[in-house]
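Chemist: Spelled out, the chains give:
There are 2 protein chains.
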Amino acid sequence: MVLHRGVADALRQAIALGALPVGAPLPTEAELAAEHGVSRGTVRHALAILAAEGLISSRQGARHLVRGTERTQSLAELRSFAQWARRQGRQPSGEVISMARRPATVREAGLLQLDPGGEVLAVLRLRGLDGEPAMLERTSYAGWIADAVERIDPRADSVTDRLHHELGAVFAHAEHLIDAVAAGVRDAALLGVRRSSPLLRARRVSATPAGRPVECSDDRYRIGVVTFDIHTTSGVPVLARRAL
Amino acid sequence: MVLHRGVADALRQAIALGALPVGAPLPTEAELAAEHGVSRGTVRHALAILAAEGLISSRQGARHLVRGTERTQSLAELRSFAQWARRQGRQPSGEVISMARRPATVREAGLLQLDPGGEVLAVLRLRGLDGEPAMLERTSYAGWIADAVERIDPRADSVTDRLHHELGAVFAHAEHLIDAVAAGVRDAALLGVRRSSPLLRARRVSATPAGRPVECSDDRYRIGVVTFDIHTTSGVPVLARRAL
DNA sequence: GAGTGGTCTAGACCACTAC
DNA sequence: TAGTGGTCTAGACCACTCG
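Those sequence lines, one after another, are chains A and B. Residue numbering for the first sequence follows UniProt numbering, starting at 1 and increasing by one per position. Residue numbering for the second sequence follows UniProt numbering, starting at 1 and increasing by one per position.
The hints are simulated quantities; they were obtained by calculation from the structure and are not laboratory data. None of these values were measured; they are calculated from a predicted model. A couple of the hints might just be wrong.
[Said to hold, decoys possible] Selected chain B positions facing chain A (in silico; Cβ < 10 Å): (1) R59; (2) R67; (3) L177; (4) D179; (5) V185; (6) A188; (7) G192; (8) S196; (9) S217; (10) Y221.
[Said to hold, decoys possible] Incomplete in silico selection of chain B near chain A, CB under 7 Å: (11) P25; (12) T28; (13) I178.
We treat Cβ as the ideally placed atom computed from N, Cα and C, and that holds for glycine.
Start from the sequences and build out the full structure, keeping to the hints where you can.
Modeler: Laid out in structure tokens, this is it:
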């Protein structure tokens with residue numbers, strides 16, 4: 001019973017199926033309203049969602065235009081490696097190299113809003129794509145969620161999926177810092193690259209809907225594995241992680 | 001005469017001045033409507049803008065909350081190095097290393113939607129921050145805008161500014177691909193780093209409001225100069241380039 | 001000048017939060 | 001249970017595009 005969602009879904013599908021090819025104009029707002037039996041306001045809400053997903057653009061006086069075919073959900077997109085890989089039709093793999101509880105570092109305590117000396121669960125995972133090492137993930141979970149994380153089968157390829165199923169909508173906010181670094185000795189050995197070769201780094205802090213930090217992470221990608229794709233249309237940025 | 005803009009500006013200022021500190025609840029929508037003499041719909045439009053800027057967040061049933069103080073305008077933010085640097089209180093500099101018209105490569109023709117063999121204006125600029133080499137920018141402008149670019153004083157530190165003043169709102173859409181690369185011989189020499197050391201790369205294509213591509217660029221940053229900051233709140237990504 | 005999207009209003013009901 | 005944001009409607013007028 002969320003009408004604008006229904007309209008958005010119908011349009012998204014028409015675009016995905018090619019009924020509305022890239023560059024084509026959409027029906028007018030009035031037509032869409034009549035077609036779906038809703039008011040124009042609801043149609044505009046649906047169109048705003050598609051615009052925020054990078055699928056359409058608009059200019060006053062001219063019809064809405066199809067600008068892309070791929071929907072991107074930037075939060076899920078950036079957070080779960082396994083979900084992303086599968087949506088690309090690639091085979092994700094994951095191996096837990098180490099996992100231990102320890103006191104938070106000063107930096108971690110700040111990021112996760114923990115008391116000094118609070119506990120974190122530190123996990124180092126090597127992730128692969130179609131059998132090749134692709135990324136090294138160093139994640140620190142806040143102590144209050146550590147039990148739930150430890151209960152997850154370490155062979156599960158998506159910790160995010162499991163947490164979501166067990167605890168509901170845990171993540172609502174995230175911040176990512178993207179830059180480049182030189183591979184250290186350990187990075188190089190695990191990823192199978194030469195020492196000091198370039199890696200793409202994404203550091204992340206995720207929080208609950210109420211703003212409570214859950215985990216922070218330092219992910220390092222071999223070059224040539226992914227790029228981050230920022231598509232900005234009429235001031236609305238749309239984010240995606242892209243395979244190469 | 002754009003009421004929602006007025007409401008958004010007032011709230012933005014209240015947040016910037018600290019009258020509404022981070023974490024504080026906003027007045028209710030009904031209160032804001034009464035206060036500004038507008039309808040609730042207009043207030044909601046204003047709040048949606050602030051949410052898209054990463055300044056506030058909301059949950060059904062609870063009041064809107066202030067979540068940040070810095071507005072980010074992701075398109076301008078990513079496109080103009082000089083504008084960005086000045087907003088950070090840093091001193092940008094720029095030097096044109098080479099500038100020449102030549103036929104577009106196949107890749108450029110595709111990105112800029114030019115006819116095969118169409119002309120581009122290729123410019124290589126070395127950009128600095130507070131006197132230090134920071135970034136190498138290889139830009140190719142579509143032939144139809146080359147005249148305007150050539151008329152710009154090569155010492156102007158912001159080509160984007162000048163184009164904007166001369167031609168109006170030239171840019172409305174952009175796509176950025178962010179990854180890491182190893183510095184080539186030429187990159188290393190110009191940026192003052194060792195060969196094959198890591199660089200943060202951002203490749204860009206910008207287009208007019210009507211979707212016509214204007215320029216494409218390959219920017220390479222020394223590591224430690226900037227990070228890209230992606231702040232995602234309730235599904236809305238907000239982008240910024242951050243100095244280190 | 002006709003068509004179309006952008007803005008705004010006034011009122012209604014529902015879903016969720018917080019007390 | 002009262003308060004508050006989320007959704008939806010019906011109608012109006014304006015600003016811009018396009019033939």
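Chemist: Take the hints in turn and mark each one as holding or not.
Modeler: So, going through the hints one by one against the coordinates:
no.: 1; hint: R59; in the structure: 6 Å, holds
no.: 2; hint: R67; in the structure: 7 Å, holds
no.: 3; hint: L177; in the structure: 5 Å, holds
no.: 4; hint: D179; in the structure: 4 Å, holds
no.: 5; hint: V185; in the structure: 15 Å, violated
no.: 6; hint: A188; in the structure: 13 Å, violated
no.: 7; hint: G192; in the structure: 16 Å, violated
no.: 8; hint: S196; in the structure: 8 Å, holds
no.: 9; hint: S217; in the structure: 14 Å, violated
no.: 10; hint: Y221; in the structure: 8 Å, holds
no.: 11; hint: P25; in the structure: 13 Å, violated
no.: 12; hint: T28; in the structure: 19 Å, violated
no.: 13; hint: I178; in the structure: 4 Å, holds
Violated hints, listed in ascending order, are 5, 6, 7, 9, 11, 12; each of the other numbered hints is respected by the structure.
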